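There are 4 protein chains.
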Amino acid sequence: MNTKQWKAKIYDIITKDDGDNRASRVFDLIIMALILGSIAAIVLESFDSLSEKYGTVFRVFEIVTVAVFTVEYLLRIWTADLLYPQEKHPRLKYIFSFMALMDLLAILPFYLPFISADLRYLRMVRLFRMFRLFRVFKLGRYVDALQTVVAVIRQSASRLIISMALCFFVMLFSAIIMYTVENPVQPEQFPNVVASLWWAICTLTTVGYGDVYPITAVGRFFAAIISLVGIGIIAIPTGIIAAGFSSAISSKGAEGDDAHRSYCPYCGHKIR
Amino acid sequence: MNTKQWKAKIYDIITKDDGDNRASRVFDLIIMALILGSIAAIVLESFDSLSEKYGTVFRVFEIVTVAVFTVEYLLRIWTADLLYPQEKHPRLKYIFSFMALMDLLAILPFYLPFISADLRYLRMVRLFRMFRLFRVFKLGRYVDALQTVVAVIRQSASRLIISMALCFFVMLFSAIIMYTVENPVQPEQFPNVVASLWWAICTLTTVGYGDVYPITAVGRFFAAIISLVGIGIIAIPTGIIAAGFSSAISSKGAEGDDAHRSYCPYCGHKIR
Amino acid sequence: MNTKQWKAKIYDIITKDDGDNRASRVFDLIIMALILGSIAAIVLESFDSLSEKYGTVFRVFEIVTVAVFTVEYLLRIWTADLLYPQEKHPRLKYIFSFMALMDLLAILPFYLPFISADLRYLRMVRLFRMFRLFRVFKLGRYVDALQTVVAVIRQSASRLIISMALCFFVMLFSAIIMYTVENPVQPEQFPNVVASLWWAICTLTTVGYGDVYPITAVGRFFAAIISLVGIGIIAIPTGIIAAGFSSAISSKGAEGDDAHRSYCPYCGHKIR
Amino acid sequence: MNTKQWKAKIYDIITKDDGDNRASRVFDLIIMALILGSIAAIVLESFDSLSEKYGTVFRVFEIVTVAVFTVEYLLRIWTADLLYPQEKHPRLKYIFSFMALMDLLAILPFYLPFISADLRYLRMVRLFRMFRLFRVFKLGRYVDALQTVVAVIRQSASRLIISMALCFFVMLFSAIIMYTVENPVQPEQFPNVVASLWWAICTLTTVGYGDVYPITAVGRFFAAIISLVGIGIIAIPTGIIAAGFSSAISSKGAEGDDAHRSYCPYCGHKIR
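Residue numbers (the numbering used here), protein chains in the order written: chain E, 2 to 273; chain W, 2 to 273; chain H, 2 to 273; chain U, 2 to 273.
The shape of chain E in the complex, shown without the other chains (with noise of 0.2 Å):
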């Protein structure tokens, strides 16, 4: 077998997904049971008992899961002309494709001393690896839910923006007030515009610590309207999810729901 034979039986194992070939799904399964045990090992870690007993077996682990996904980045680009045949410079691309990035941005930090040194960082730059299971999640019986899930939001996009910009415009509007009729009374509550924001954002999403509350009549009024006004808040984001979900439904149900669906063009996978 030569070199171009070589590079696309490991293509078709890295990137296809045939659902025939064997390898290909043992490597999914590698890289999953990598992703998931780094994301059970930054929780561990994080009680100090378990972090002192079986730190060793952490760092281990870690250096095995960053070898396995050095080498997978690497022969990623290597066959990286096969996933974009057409274009001029396919591992350019693929370098700077989104899911690449994250890649990168998952291992890098290891191989950087100064970083690798301060656990916080590490811990946080471990946590992009979650964005590969979005890739060895293409398995399975719910990626047709999952398409319809992430193709409402995407619709959506724009009209959530804007009702997310609405709802920061009253949160700042709430804050303000609040900050004007509070802060005489209870300063350490509100000391400024910045905290009353704070207590604005728990009370227009409802969640409601408790941690800080308005005392004064004047204050509960406006918390009161606020909070009324937080039910529109809520409302409108759901509203257009819901329109999404009634409309991509209603058109699925018309067209027969599985008609239109082949390839992707830009990364190759079945999309069905």
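Simulated from the structure, these hints should not be mistaken for lab results.
What you were told as hints is all true, and nothing was included just to trick you.
One copy or any two copies: either way a pair holds, since identical chains are not told apart in the list.
Keeping only pairs whose Cα atoms sit at most 20 Å apart, straight-line, the calculated SDA-like set for lysine to any residue is: (1) Lys54 <-> Asn193; (2) Lys94 <-> Glu73; (3) Lys94 <-> Asp82; (4) Lys8 <-> Asn22; (5) Lys94 <-> Val72.
Being a predicted model, the structure only gives us computed values, none of them experimental.
Use these hints to put chains W, H and U onto chain E, whose structure you have.
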């Protein structure tokens, strides 16, 4: 009356739902009373004063209930060949059906001394009797509405599971960020990622007990963003279910159900 | 003018809604002022300082209100034969109509010394005068919107009740689990299943006061799952109502908005 | 260039939205920067340390802002006859338009010594400059989404107001019940109906700060029912808005907007 006729009659009473059959309705009412009584007993027994005073009453009621449910369970197995007339092993099929397993689970522990000794497990186990209510609730005018609700949830199941997965993903992400940010400042509130996850769930579901919340500026900034994302997270399942009901109602509307009824806003009477 | 003409005129004033009739509008405004005044009185009387200072004012206002409402009630009974011209016993029919019973309930206790002595009951009872507002609000441009809202809620009633039943089921389930798990650790917060039910309701409705919450790991695990289920629980009634409005709006769009309205055959009101 | 040409040019810059006009865009950016700077100043000034240190900077920025906004206001009045060419009194019409009144409100208090002396009022008043953002946001790709959101809220306005009225009705009802039940036990938490109303709003909007909550069995029973009703109360505006978006999207879908786009779930690219 020979055995076969007896069997057919018992089958009619415990399984079939004729509407005309009086014995069947009486049987359903008795079972329902025992289930509701069972649940009431769990609630009432939890009061120390009542459990001391009426301990014997609770015990006798429990024995009667288990006896009746055991007889019912055995009769259902006996008449299983009438329920699945074309099956080769109707009794085995019945025993391993979901409802029969729930039935067994709700009475079996009573006969196992090592479990029945521990009140804690017994209480949990008696809860499974609630499932029996589903069988009894076949009667009544809400069947149609229940069917619609169940059908919509079922149809939306894969989308709901995906959105729950998305939700869990965001929760884990939030938990790790908050742990990193808040742990150094309040190590007792955010001792590890699991504790931080508790905060993330309380916030993203907008429950907000107020037992754990960020106090640093960076922590509050992230908490604010996470709360806003929480609105979206709640919006997705709501939107999915709303769309499901929309499509269910509109497909019904085509059949002429209750889309064209109108009500007088003053007296509430149906108009046409 | 003879009795018949008087009766017809009074009927026109208190019941009909011509728009042109000036006396009718004045009458409506007086009744509305008395209702709103009544409610304001309940609110203001609850302030100890005001109830001491203006006790007599409140009492006089109450006597005037009850007097006017009593006269109105008697006039409505007197003119009931014009409201239900084809009924055999129009007065009896009116007396037992929902609105008339509410009217009676709102004035009767004032005449019963053993009730009117207890301020607590009296306050509750005066609340029923609010229902009268529905009759007054027949005017105004919000009638159409109110009609849509009421119609949607009514059409969705059976589905909403089922989802509430489902909700209660989940709540009881959650309460029993949390009682079992948390009672041994914090017996004061979870003394019995009823107290645990209070927690379950606070959590599943996402109110989350923070007076009761789990502290054990197992308890938090279940609480997390229950909170997530809570999102779904809220999503179901929201979805039902959203779908109801969707169908109401789209069916209106098709019908052309005002083709099918006339008079309610039960109370005689013009619908629009 | 004579006055008329000057006027036309200024009108083009401050009011029209050509896209090509560079001066117009620069003007918009300056105004936008001043608005955002104004809001940032309100937020930053609220920090005691910053307001002491950079007091002069804030004051100079405020003077510049007010000067620019005053000039803009006067220019808009001057060019009002180009905005309303067929009006008899275009300037009067403009002065009493909503946006012009907001503009006046945002600068006028600065010139009134008795108001500008009180920082509290000044801060509130400067908030009104936010409204100006609506005028600037005419640019950008989110205009379409904003128009949809505004249109849906407008169309649903009467229904939303009715549902808010219903909401207020339920709140008052709940407040009076809770006051009656809880006042004798915790007179400090529920001193009067207004304080009880604060609790009702916190509960029905599911904010649940946890500063006030029932402790009696009867109070908790009613609170539980009220919380459940709260779900329905939130569901109504959500449903209304969802239905509004559904109808807005489906009417757009007929025009061929973005109903038929599909996205690849792996890489996120639009497919067709």
